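**Q** Please build the complex by placing chains B, C and D with the ligands on the supplied structure of chain A, with the hints as guidance.
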Amino acid sequence: MSHFSPHSAVAANADFDVQEIRKQFPVLHQQVNNRPLIYFDNAATSQKPAAVIEALHHYYTHDNANIHRGIHTLAERATAAFEATRLAVKELINAREVEEVIFTTGTTDSINLVTSSYGRSFIQQGDEVIISAMEHHSNIVPWQMLCEEKGAILRVIPVTEEGELQLEEYKKMLNERTKFVSIVYASNSLGTINPVEEMIDLAHEQGAVVLLDGAQATAHLDIDVQQLNCDFYAFSAHKMFGPTGVGVLYGKRRLLEKMPPYRGGGEMIKNVSFEKTTYNDIPYKFEAGTPNIGDTVAFLKAIEFIQQVGKKNIAVHEHQLLTYAHEALEKVPGLKIIGKAKKKVSVVSFIIEGVFHFDIGQMLDARGIAIRTGHHCTQPLMDIYQIEGTARASFSVYNTTAEIDSLVEGLQRIVKMMK
Amino acid sequence: MSHFSPHSAVAANADFDVQEIRKQFPVLHQQVNNRPLIYFDNAATSQKPAAVIEALHHYYTHDNANIHRGIHTLAERATAAFEATRLAVKELINAREVEEVIFTTGTTDSINLVTSSYGRSFIQQGDEVIISAMEHHSNIVPWQMLCEEKGAILRVIPVTEEGELQLEEYKKMLNERTKFVSIVYASNSLGTINPVEEMIDLAHEQGAVVLLDGAQATAHLDIDVQQLNCDFYAFSAHKMFGPTGVGVLYGKRRLLEKMPPYRGGGEMIKNVSFEKTTYNDIPYKFEAGTPNIGDTVAFLKAIEFIQQVGKKNIAVHEHQLLTYAHEALEKVPGLKIIGKAKKKVSVVSFIIEGVFHFDIGQMLDARGIAIRTGHHCTQPLMDIYQIEGTARASFSVYNTTAEIDSLVEGLQRIVKMMK
Amino acid sequence: MSGTINEIQDEIIEEFAILEGDAEMTNFYIIELGQKLPPLAEKHKVEENTIKGCQSKVWLITAPEGERMTFEADSNSAITKGLVSLLVRIFDHQKASDIVDADLYFIDKIGMNRFIGTQRSNGFAAMIKQIKLLALVYRDSKEIVKTNATDK
Amino acid sequence: MSGTINEIQDEIIEEFAILEGDAEMTNFYIIELGQKLPPLAEKHKVEENTIKGCQSKVWLITAPEGERMTFEADSNSAITKGLVSLLVRIFDHQKASDIVDADLYFIDKIGMNRFIGTQRSNGFAAMIKQIKLLALVYRDSKEIVKTNATDK
Ligand SMILES: Cc1ncc(COP(=O)(O)O)c(C=O)c1O
Ligand SMILES: Cc1ncc(COP(=O)(O)O)c(C=O)c1O
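Residue numbers (the numbering used here), protein chains in the order written: chain A, 818 to 1236; chain B, 818 to 1236; chain C, 5 to 156; chain D, 5 to 156.
Source of the hints: derived by calculation from the structure; they are not laboratory data. Hints should not be assumed to be uniformly reliable.
[Stated by the list, open to error] Covered stretches of chain C, going by a simulated chain A footprint (3 or more residues, C-beta under 8 angstroms):
1. 13-20
2. 81-95
[As the list claims (entries may be wrong)] With a straight-line Cα cutoff of 25 angstroms, these simulated BS3-like cross-link-like pairs (lysine-lysine) come out:
3. B:Lys-1236 - D:Lys-99
4. C:Lys-56 - B:Lys-1075
5. D:Lys-99 - D:Lys-40
6. B:Lys-1093 - C:Lys-61
7. C:Lys-133 - B:Lys-1087
8. B:Lys-1093 - C:Lys-133
9. A:Lys-967 - B:Lys-1236
10. A:Lys-1236 - C:Lys-146
11. B:Lys-1087 - C:Lys-99
12. D:Lys-56 - A:Lys-1075
[Stated by the list, open to error] Estimated spans, in silico, between C-beta atoms of each pair:
13. A:Asn-911 - B:Ile-1204: 40 to 50 angstroms
14. D:Ala-67 - A:Glu-966: 51 to 61 angstroms
15. A:Glu-966 - C:Pro-68: 38 to 48 angstroms
16. D:Asn-117 - B:Glu-871: 57 to 67 angstroms
17. B:Leu-904 - C:Lys-113: 21 to 31 angstroms
Since we're looking at a predicted model, the values are computed, not measured. Glycine included, each C-beta is placed from N, C-alpha and C at the ideal position.
Same shape as in the complex, but just chain A (with noise of 0.2 angstroms):
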């Protein structure tokens, strides 16, 4: 389970200092407008330790190289390193098999190889797709633009006022038409944690296939993707402190041995001649041309980290600053929170009565404080709610309770001006 009680949290939560982790992320110390910064657009994307910073430099300083098909030094180590990462992500989501571990740029390319390779392979005229009403755009027009294709059809889990999925429509949504299922675990604008096993169970009763779209949930939540049963799980390491231009598809090895490639290049042939070309095994079947080397490499730093300071730990430091800001933000006159699902990571999205959302963004930059305005790639949410937008306030690890504060004092100014 990846929820905690407050019992739980308070344990686990002893040997935990928020300044120590600070000290670790370079970037949090500088001055932003004259005021220190205080990074709350997390969702977007998360800052790097210093530990991920210097296995970059360290990469190309010592050991850069193409790798696998190299038989020197430099392409040795190279090659140990990035393999190294794929090794740690698969022990990090507790995926069988380390070729079930795919590195693709993002979640958005991962979802993307997903509809190219399995969607076109296996899903026909008539099928039905369920996704629902809370997804990013990544996990949308990929499916848009794959049911057009093939003239299947796209259903969509509507969401109640406290941004939860309808479970009762998804049960009767689904039936043997359908063929995908592919959710958010966490909502980037709402926070919400969807209760994805139970939907996983009721999909495979109908013999679907199920992906996990885990961008917001992966330095979050305890994943083991075993467990869970899913059949696909997408992420992105620039939202779990590795740099920007990785992803990571998992697959059960069954499905993605019987799926097409996605790109065609180096790397994921066995053999090319004019006459015929045999693809690779997994995992290199899927990952075409150099990889992002550099990137992947530092990326296990990244897992690293998350692993020293314990994914309790993140998950106990993490919800009391949620529940601290919901408290908080409250008392903020006209604000209301959008999404008050039960379980949350820590996204707090809030529109503020008569406050333009790209303002209350703007006047917060000019205190320091980065928050992300704007629909948050959901537009549809967004019409659900029937708001252009909201501002977010996304929490890490390395936030505190008095850059909470500041926030709200920083809000509180806002709604004074706007009188």
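**A** Relative to chain A, chains B, C and D with the ligands alone:
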């Protein structure tokens, strides 16, 4: 013209100091197997100047944020830095407009973008696509996949014994069914610089669209896409002193605008709703999801490095290395150079009678010399020469003739040992 | 009307100088300026009066006044309203030809882009473009009238 | 036959120790070992005698010798030939059951992977696997024979 006569060579080389250049590449200053590293695997990936490595470091310690939709200061800085690289690329290759520069993850990805988006939309059953026998797998397999899907015909320009394209055969192949010509500008296995201007004109006469695979050309030749008049131009940052994980697809606006998107997700949309999704303008239409921000920002320093050294100085120095290597290597008993085109980039492939290519690589590595051995992702070309692979030394601006002497010495020892 | 385009620009530059580049004060000041701008009647807040290319909604209407033009504007964003209020202040009651030729140096002088960011700067540029376009059309239509008058 | 599997391994470890971890000398020594291995007759260099998973071509043939087995091998790569010659040296004329149970500690002891790299190490592992597989099949077939013998 990309070829330099010996005369201009001397003139341009006056202010060029290879030792000064070497100082900028930290990776070179290390021992491998107790000897100074000699890095001759530049065609696989180049090393990175300190400025690029520092730029990565600076980005992640000061500016890291997700781009384009952010309002806060870090997002502003990251966006500006990211787009500054786009502008620099535009200038480097002399594109007409900055919107014609699309960021991808590498040459392989760029070519797949074209086959997936342009190819799947505009190439039909019975249409013909021309590539050459010296293409990299990345410019073969995507076309094979496309032609198989569409029932189109893939035609292959043969090469001569010297490693040049048989232009007469190319001319005979061109006809009104030719819809696409996709050709490597400079071969990674042979070094051959192909007469692409003439080939492009011939293709255009038949109304065909032309892509140039510039993976091996962009760091070494003066690139002017308007003068070349190619329709697409693909290359990778990592082969031109930039980080791994970044590539470019240049395309003419007219073509890019009529192409459907490649991947679906964030960034590439204008509006998303379950009823109707509209796509963004170029280049964003083709850049779904969070891009590789950090590496793209650092890539700017690689372009600046090239500009500071000067394309002409680079070409002259590398040409000297190439000439020197050709002469020196031919003295090694039993050594045969594969690829003796009149115009070459600084790549020398060779085989030694009775010595397995892989053994050459391993024994040179024991002397700290990094070369690549194998088929270099050009298996069909190896088949033509009826070899399994070659040993390949590829030179960059930081290599020296003294290093080539060491290579030759190493090879001579191997030959002696093997007798 | 309180002066030429450049006189008003200079006024604005002076006013902003007092804020000493403080981001928050500058934002608040821009909002205050917007609050002083009379709101647009609801009937004018329609698609055809919208300026494309802004994050927020901006409506702008214009009316002729001999050689001169009047402007009214509004926005659903307080900051954008402040920004467009600066343009109304500068261009309202000016000659169409002066508007067309105007060089808006105040933007760089007060370092506007630094306070409002790229997206808003693009929006601001779109507003200026729209005003200049309206002025160009108006000026040219006037010139045609003039030319016609001479013809007779 | 010059000893048990472990005695030969210990010999090899001693020989390599003299090379003091010098990469070049080690490579040359491996090649020399290969040069001493008698070449395989051309007729044996066929697909079915090939070991899968190596960069270069490696052919291996085996023959029974009572409870023991003999091995011959060759390669188109001088280094690979040297590597496989080590295995021939260790396993030739050994009992099938000893081959199956053998723990090849010499590989780690001499730091083989460091000299030959991952790709070759994988190839080397493939050779060992193939030899052990052959030995397993042979041992089990012997056991069946034995069992059958007892049955009678
Ligand atoms: C000629 C050529 N084309 C394409 C590629 C593929 O480039 P990348 O692996 O960066 O996608 C290469 C790289 O080896 C190349 O040399
Ligand atoms: C829930 C969710 N899915 C998918 C994505 C897309 O991730 P990326 O942009 O790294 O491809 C995001 C990132 O914003 C997200 O929050």
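**Q** Give a verdict on every hint.
**A** Okay, the hints, checked on the actual structure:
1. With a threshold of 8 angstroms between beta carbons, the proposed coverage of the segment 13-20 of chain C by chain A is violated, since 0 of its residues qualify and at least three are required.
2. Counting residues of the segment 81-95 of chain C whose C-beta sits closer than 8 angstroms to any C-beta of chain A gives 4, which meets the bar of three, so the coverage hint holds.
3. Taking the CA atoms of B:Lys-1236 and D:Lys-99, the gap is near 36 angstroms; set against the 25 angstroms cutoff, the hint is violated.
4. Among the hinted pairs, C:Lys-56 with B:Lys-1075 is consistent with the structure: their alpha-carbon atoms are about 23 angstroms apart, no more than 25 angstroms.
5. A hinted pair counts as satisfied when its Cα atoms are at most 25 angstroms apart, and D:Lys-99 with D:Lys-40 qualifies at roughly 24 angstroms.
6. The hinted pair formed by B:Lys-1093 and C:Lys-61 meets the criterion: a straight-line CA distance of about 22 angstroms does not exceed 25 angstroms.
7. Restraint check: the Cα-Cα separation between C:Lys-133 and B:Lys-1087 comes to about 22 angstroms, which is no more than 25 angstroms; the hinted pair holds.
8. Straight-line distance between C-alpha atoms of B:Lys-1093 and C:Lys-133 comes to about 30 angstroms, which puts the hinted pair past the 25 angstroms bound.
9. For a cut-off of 25 angstroms, the pair hint linking A:Lys-967 to B:Lys-1236 is broken: about 63 angstroms separates their Cα positions.
10. Of the pairs offered as hints, the one joining A:Lys-1236 and C:Lys-146 is violated, with about 43 angstroms between alpha carbons and a cut-off of 25 angstroms exceeded.
11. The suggested pairing of B:Lys-1087 with C:Lys-99 is violated, with an alpha-carbon distance near 37 angstroms, which exceeds 25 angstroms.
12. For the hint pairing D:Lys-56 with A:Lys-1075, the CA-to-CA distance comes to about 23 angstroms; that is within 25 angstroms, so the pair holds.
13. At roughly 45 angstroms, the beta carbons of A:Asn-911 and B:Ile-1204 sit within the given window of 40 to 50 angstroms.
14. Separation of D:Ala-67 from A:Glu-966 is about 59 angstroms and conforms to the stated range, judged on CB atoms against 51 to 61 angstroms.
15. Distance hint check for A:Glu-966 and C:Pro-68: the Cβ-Cβ separation is about 53 angstroms, which falls outside the suggested range of 38 to 48 angstroms.
16. Under the hint 57 to 67 angstroms, the C-beta atoms of D:Asn-117 and B:Glu-871, about 34 angstroms apart, miss the expected range.
17. The hinted range of 21 to 31 angstroms is satisfied by B:Leu-904 and C:Lys-113, whose Cβ atoms lie roughly 25 angstroms apart.
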